[in-house]
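Visitor: Sequence:
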Amino acid sequence: MDREIARNFWHELFTAYPCVEDRILEKDINELSSRNRTLHIDYDILLGVDFDFAEEILDFPEDMIPLGCSILKDDANLSFAPKIRITNLPNTDEISIRDLRAAHMYKLIQIEGTVRRTSEVKPEIVEARFECVRCGDIISIIQVNSQNFQTPAVCPNEECGRTGPFRLIEQSSRFEDWQNVRIQESPESLRGGEMPRFIDVILREEIVEAGQTGNKAIIVGVLKAIQDTGLRGKKTTYTKYLEANSIIIREKTYEDMELTPEEEERMEEMASDPDIHLKIQRSIAPTIYGHENVKAAIALQQFSNRQRLLPDGTKQRGIYTFCSSEIPVSQNPRCWRMQRSYRPVGYIPQEKGRLPQGSRRPC
1 MDREIARNFW
11 HELFTAYPCV
21 EDRILEKDIN
31 ELSSRNRTLH
41 IDYDILLGVD
51 FDFAEEILDF
61 PEDMIPLGCS
71 ILKDDANLSF
81 APKIRITNLP
91 NTDEISIRDL
101 RAAHMYKLIQ
111 IEGTVRRTSE
121 VKPEIVEARF
131 ECVRCGDIIS
141 IIQVNSQNFQ
151 TPAVCPNEEC
161 GRTGPFRLIE
171 QSSRFEDWQN
181 VRIQESPESL
191 RGGEMPRFID
201 VILREEIVEA
211 GQTGNKAIIV
221 GVLKAIQDTG
231 LRGKKTTYTK
241 YLEANSIIIR
251 EKTYEDMELT
261 PEEEERMEEM
271 ASDPDIHLKI
281 QRSIAPTIYG
291 HENVKAAIAL
301 QQFSNRQRLL
311 PDGTKQRGIY
321 TFCSSEIPVS
331 QNPRCWRMQR
341 SYRPVGYIPQ
351 EKGRLPQGSR
361 RPC
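In the working numbering, the protein residues as written are 1 to 363.
Don't take every hint at face value.
In the DSBU-like style, the derived pairs of lysine-lysine whose C-alpha atoms are separated by at most 35 Å in a straight line are [what the hints assert, rightly or not]:
1) 107 / 216
2) 107 / 27
3) 73 / 122
Here are the computed distance ranges between Cβ atoms for each label pair [as the list claims (entries may be wrong)]:
4) 34 / 122: 16 to 26 Å
5) 107 / 266: 40 to 50 Å
6) 266 / 21: 42 to 52 Å
7) 301 / 236: 39 to 49 Å
8) 117 / 45: 28 to 38 Å
9) 42 / 117: 21 to 31 Å
Just so you know, these hints were derived from the structure itself, not from any lab. From the three backbone atoms N, C-alpha and C, an ideal C-beta is built for every residue, glycine too.
Generate coordinates for the entire structure from the input sequences, incorporating the hints supplied.
Guide: What follows is the structure, encoded as structure tokens:
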């Protein structure tokens with residue numbers, strides 16, 4: 001698509017869609033500020049503007065989305081650089097982690113999975129300012145590629161023109177928040193004895209710390225890759241990763257749940273039953289015979305205990321931790337997967353290897 005045509009479609013979306021008197025994004029654009037620079041756009045809205053325009057965003061996101069940010073800044077007369085985050089891609093563009101292929105490289109795609117691991121939030125330099133040690137001239141360089149730190153080649157000062165040395169001025173450089181999150185296929189989507197696949201996802205700015213381990217997440221982003229290296233240098237293979245554009249946490253925590261008066265009344269009635277703990281234990285994987293200790297441990301983990309504050313100021317989190325050593329040919333994984341389907345937050349680690357039948361692994 002011609003760049004000028006794309007500019008016209010973005011301009012129409014921000015100023016005249018579906019009509020000038022009733023713009024669908026007017027309220028969201030008016031709420032933008034230096035503290036809230038993000039505009040979320042549902043993909044269905046882009047389809048309503050023009051089908052080819054929406055498809056172009058999927059095929060060339062690294063050209064089209066920055067162009068939209070530039071148009072939004074001009075149309076809304078913003079003094080800061082806004083961010084556009086796209087959500088709710090169609091099912092045809094939601095791809096399983098194990099089905100990611102070379103054909104999806106540098107395309108805007110959507111994946112769904114469970115947060116397996118999160119890194120600490122780190123500052124990432126996005127605009128580096130250098131000082132030429134010889135003449136004192138200041139040079140700004142936008143860091144386009146996050147994998148390689150770019151430095152000045154020569155001093156732009158015509159009277160200098162030297163190749164350095166250059167000193168990085170960190171105090172006046174611009175940084176953004178950065179976080180690496182590992183997303184794993186959900187256990188319920190696996191078939192038979194398949195091992196879950198995973199992919200690393202890069203989060204930036206306000207979407208860092210969006211989820212915690214065990215959350216189910218829907219992520220829209222651009223699939224990229226970094227070249228593998230070996231003892232003899234670079235290889236011909238690449239490791240995939242996803243650079244997130246938006247992330248939605250699909251599950252709620254216990255604190256976010258709202259109960260109806262009827263549900264609260266029913267729960268109080270059940271709480272007065274002296275055998276309620278046995279009933280809960282028996283309701284876990286009822287089609288699996290035995291494994292009472294495993295089911296009892298799962299029931300305890302569902303409810304845990306209240307957090308306690310000791311006199312010396314230390315806290316006891318009140319969460320039970322359970323380690324099962326019944327490895328050989330047991331129904332433990334099925335028990336855990338069944339309770340995972342109705343637990344707001346949970347994560348089932350996968351074994352790297354199995355022990356022979358009849359053996360025990362110390363806990």
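Visitor: For every hint, state whether the structure bears it out.
Guide: Now for the hints, and whether the structure bears them out:
| no. | hint | verdict |
| --- | --- | --- |
| 1 | 107 / 216 | holds, 22 Å |
| 2 | 107 / 27 | holds, 29 Å |
| 3 | 73 / 122 | holds, 27 Å |
| 4 | 34 / 122: 16 to 26 Å | holds, 23 Å |
| 5 | 107 / 266: 40 to 50 Å | holds, 48 Å |
| 6 | 266 / 21: 42 to 52 Å | holds, 49 Å |
| 7 | 301 / 236: 39 to 49 Å | holds, 46 Å |
| 8 | 117 / 45: 28 to 38 Å | holds, 34 Å |
| 9 | 42 / 117: 21 to 31 Å | holds, 29 Å |
Violation of the numbered hints given earlier is absent; every hint is satisfied by the structure.
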